[in-house]
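Asker: Got chain A; can you put chain B on it based on the hints?
Here is what each chain is made of, one letter per residue.
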Amino acid sequence: GDSVTQMEGPVTLSEEAFLTINCTYTATGYPSLFWYVQYPGEGLQLLLKATKADDKGSNKGFEATYRKETTSFHLEKGSVQVSDSAVYFCALSDRDTGGFKTIFGAGTRLFVKA
Amino acid sequence: EAQVTQNPRYLITVTGKKLTVTCSQNMNHEYMSWYRQDPGLGLRQIYYSMNVEVTDKGDVPEGYKVSRKEKRNFPLILESPSPNQTSLYFCASSPPPGQGTDTQYFGPGTRLTVL
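Those protein sequence lines, which keep their order, are chains A and B. Per the numbering used here, the very first residue in the first sequence carries number 3; after that it's consecutive. Per the numbering used here, the very first residue in the second sequence carries number 140; after that it's consecutive.
Hints were generated in silico from the structure; no laboratory data involved. Certain hints may be false.
[Said to hold, decoys possible] Here are the computed distance ranges between Cβ atoms for each label pair:
(1) B:R183 x A:D57: 34 to 40 Å
(2) A:S60 x B:N212: 19 to 25 Å
(3) A:S81 x B:L180: 38 to 44 Å
(4) B:L180 x A:G63: 35 to 41 Å
(5) A:T73 x B:P222: 18 to 24 Å
(6) A:N61 x B:V153: 42 to 48 Å
(7) B:R183 x A:Q47: 16 to 22 Å
(8) B:T154 x A:D57: 45 to 51 Å
None of these values were measured; they are calculated from a predicted model. Yeah, the Cβ is synthetic: ideal placement off N, Cα and C, and Gly gets one too.
Bound conformation, chain B alone:
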């Protein structure tokens, strides 16, 4: 089944404790992206990657890191989480140019609480 998976689905942590949220897709998509969803603000893009070893900042990158060492994986790293990073996080992927690049396929979400 074609899908985007994220782990963990739920995470409660404390300020300053490094964490990684994994994202994996099995559709051979080149483009992947991370969003956070907050009430009244919709989805805001954190980082995106157009291919392996190619990443760029979205609208709200502060406090986050990403890496893209393999095409299928795009982990989101919070080196020193803070309470304002409490949010619902979504990973998404898109097909290559010419195959519907502008349509995104979303993972199920990771609900993160930072105490």
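Isolated chain A (complex conformation):
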């Protein structure tokens, strides 16, 4: 079945450092790919998404590119801030089910130090 694997955390960075969180997936169809973010004590929020190969999703300085050849969707940000401290989830949505089936990775916790 479909699956998502993301790098284990926690990831600890200093403010203004470069961030990469790796995500790879396996899917039989042509999924949409997502990054969701969960701030402390809150539910998940969509950070960005990409619906087809070579698409780049971007939001709030974060970017991720849908790489079909490497089945990856790595999250990057050039300069992190303390306010980016959160848990980040990579996910895929199976279009064959009309987008109703979403598979999440285990999550990566990011700590950013001032």
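Answerer: Just chain B now, with coordinates in the frame of chain A:
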């Protein structure tokens, strides 16, 4: 304000005592879903509903029930809770097909402890 609400936010109960966690959305979304979040496992889907009176099992449905009598509400029922159902639960909803069905909007979560 467009939102998904869940109640209660925190609940401590004992084994075998039936409980219901409510979920409501005000965005007229057709699709709703319940997840549980456990350390190291991410979010796992319990049940989902594609519309009123249409529900289906997710990956971990054992020990849970749901109903969808109205479009806005999707309660999660634990008929006889057990300690292995101690978890953080999230409800989510999505717009109809053609309007970004694959993007989900999450509630704030319900932290359940079963003693």
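Asker: Which earlier hints can't be squared with this structure?
Answerer: Of the numbered hints given earlier, those the structure breaks are 1, 2, 3, 4 and 5, listed in rising order.
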